[in-house]
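Chain order of the listed sequences is A and B.
Each residue of the first sequence is one higher than the one before, counting from 357 in our numbering.
Each residue of the second sequence is one higher than the one before, counting from 104 in our numbering.
Hints listed in this document are in silico derivations from the structure and should not be mistaken for laboratory results.
The beta-carbon is built from N, C-alpha and C at its ideal position, and this holds for glycine as well.
Treat each hint with caution, since some may be false.
Below, in silico cross-link-like pairs of lysine to aspartate or glutamate (DMTMM-like), each with a Cα-Cα straight-line distance of 20 Å or less [what the hints assert, rightly or not]:
hint: 1; chain 1: B; residue 1: K130; chain 2: A; residue 2: E526
hint: 2; chain 1: A; residue 1: K393; chain 2: A; residue 2: E639
hint: 3; chain 1: A; residue 1: K642; chain 2: A; residue 2: D403
hint: 4; chain 1: B; residue 1: K130; chain 2: A; residue 2: E529
Some chain A residues well away from chain B (every beta-carbon gap over 10 Å; in silico) [said to hold, decoys possible]:
hint: 5; residue: K438
hint: 6; residue: Q465
hint: 7; residue: D534
hint: 8; residue: L544
Partial list, derived from the structure: chain B residues whose beta carbon lies under 8 Å from chain A [what the hints assert, rightly or not]:
hint: 9; residue: L132
hint: 10; residue: G139
hint: 11; residue: D184
hint: 12; residue: E197
hint: 13; residue: G199
hint: 14; residue: P200
hint: 15; residue: G201
hint: 16; residue: T215
hint: 17; residue: E220
hint: 18; residue: V268
hint: 19; residue: N272
hint: 20; residue: F275
hint: 21; residue: P278
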Amino acid sequence: MRSSMTRRDFIRGTAGAVLGASAAAALGQAAAVPAGKTRVVLVRHPDALDASSAFNRPVIQRMLDEAVTKLLDASDPVDAFKRLVKPEDFVGIKTNVWSFLPTPAPVEQALKRRVMDAGVAETAIGLDDHTVRTNPLFVKATALINVRPVRTHYLAGMSGCIKNYIMFAESQEAHHPDSCASLGSNFLLPQVKGKTRLNVLCALTPQFHGRGPHNFSRRYVWNYKGLIVGTDPVAVDATGLRLIMAKRRIELGPDQEVPPVPKHIQIADTRYGIGTADPDKIELVKLGWLDDVLI
Amino acid sequence: MTDIGSRLPGQVLGWKASGQDAVYDRKTLYDYMDGGAEVYLAFDFRGVFVRRYADDAADEIVLDIYDLGSPAEAFGMFSLDRQDPEVEIGQGSEYGPGLLRFWRGRHFVSITVAGDEDKAEAAVLELGRAVAPLLGPDGDPPAMVAALPAEGLIADRTSYFHDHVHLSNRYFVSPENVFGLDAATSCALAEYALGGDGRARLLVVRYPSAERARSAEASARRSLLPGAGDDGTAAAGKKGWAAVRTRENVLAAVFEAPSKEYAGRLADAALRPAK
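I would like the entire structure built from these sequences, with the hints used as guidance.
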């Protein structure tokens, strides 16, 4: 059987993809990544969650700090965030409030703290999900930070940083056909275009398979204790997909390796040009705990 | 759906009904499901009744009773996601930690747990046994499921659905909708045991017209089996043999068959008119 695009193609991406122009790069402050590559940092810590799976706030702050510092080859986390936002910026932190697996509050707070450390007033920082289109701070935002957990999704295959911006769309339903192939277009909306400075895909407790009425079952969530961080949302999601696939291969078998059908990640690259999905063009830097790292 | 609330138990073991019951229809289902509503809307979903039960520790059991309009649709909703052991509730059921699913008549039911799943197990099963008798009478699964070739059929792996997204979640064929599936098509996807670990897959699609079936056959052969001969069979590398054939408004596609002969035979058997 031959297909115009195989399952493997989803993670291979396509040749000739244009590297996404991150905010950092646009500011002339890109990290010293190999030529033609975009950097993604995976940071993990065995104590990110305690024995009862509660989030460890100080550890998560350190993880974020290490990841962003390495991402930009900065001297320290405050220096790194100063490269991402300026004191005069209005910063919208686009979070995710899905009740079964929301963005962990310690991650939101860690981001907000560093944005403030970079000189942005607390009153100029917004945190929102469902009402970003009308939230006054997001309407006038000059910088966005994109943060959410990684999980599988029945229609889109995977919910990551690309899908997180669906709330900026006038119609969410309009993005549902063809496995949500058009999700990347939301990064080109006037309210969004060119403003995303950082993408944080929370892999603290990823969900690798969905079941039940809300496509969620705790059986398919595991304590990976990681964060995937980058300035390129497509590269971050492509890395998250690799993680989900690796876990599915182990738990569900090779036939179920790819969650159907995450084509929107590749299409965000090839059709919308907002980043790179090609793993050959992604420099994955791994920090911290490496047990069962999977990717 | 609203009248069923008065007949449901107010308490199950140590778990008491809590909060307001809720009912959602096709227009409001998105208010209940932040992601996932399309799974139901792709069937003939009419409404869902939701009741929550809580224990002293504030752990929750959530009862969802879905009206799918017909037994065939209710079976389809149930059939999409089977992987846990049968627990003999309703006309078909399964239970795994934190999730009971069953169907009866035109209803599909899911009971989920938010909190300690082991602690809630007895109450979840008890609640299921209390709800099932309220949802009668029984109904028949889709006729096209009953008509699937019987030899080697793994019955509890058979699913019924309508559109491409459900096919992709059950069995990945292509990222594109090469069979032209939509709300107007009815599909049965089945697995056949071949001895050892071998399994072949059979997709049967009933289209609104013979013209659409022929168009889908051409599309599928072009995309999936470019090397197929006039008989619609082709080798698929490590995936064995595949076949795509039609008869009137019905298409049969076989995947992962051990031989060309078996692929063709299974496709023909699926297309044979019911006696």
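Cross-check of the supplied hints:
1. K130(B) <-> E526(A): holds, 18 Å
2. K393(A) <-> E639(A): holds, 6 Å
3. K642(A) <-> D403(A): holds, 17 Å
4. K130(B) <-> E529(A): holds, 12 Å
5. K438: holds, 35 Å
6. Q465: holds, 23 Å
7. D534: The assertion about D534(A) is violated, with a minimum of 8 Å to chain B.
8. L544: Fine: 22 Å to the nearest Cβ keeps L544(A) off the interface.
9. L132: violated, 10 Å
10. G139: Interface hint status for G139(B): holds (4 Å vs cutoff 8 Å).
11. D184: Cβ of D184(B) sits 6 Å from chain A, so the hint holds.
12. E197: The hint is violated - E197(B) has no Cβ within 8 Å of chain A, the shortest such distance being about 10 Å.
13. G199: holds, 7 Å
14. P200: holds, 6 Å
15. G201: G201(B) check passes; min Cβ-Cβ to chain A is 6 Å, inside 8 Å.
16. T215: holds, 5 Å
17. E220: Constraint on E220(B) satisfied, holds at 7 Å.
18. V268: Holds, about 6 Å.
19. N272: Hint holds; N272(B) Cβ to chain A Cβ min 5 Å, cut 8 Å.
20. F275: holds, 5 Å
21. P278: With a closest approach of 5 Å, the P278(B) hint holds.
The structure shown violates the earlier hints numbered 7, 9 and 12.
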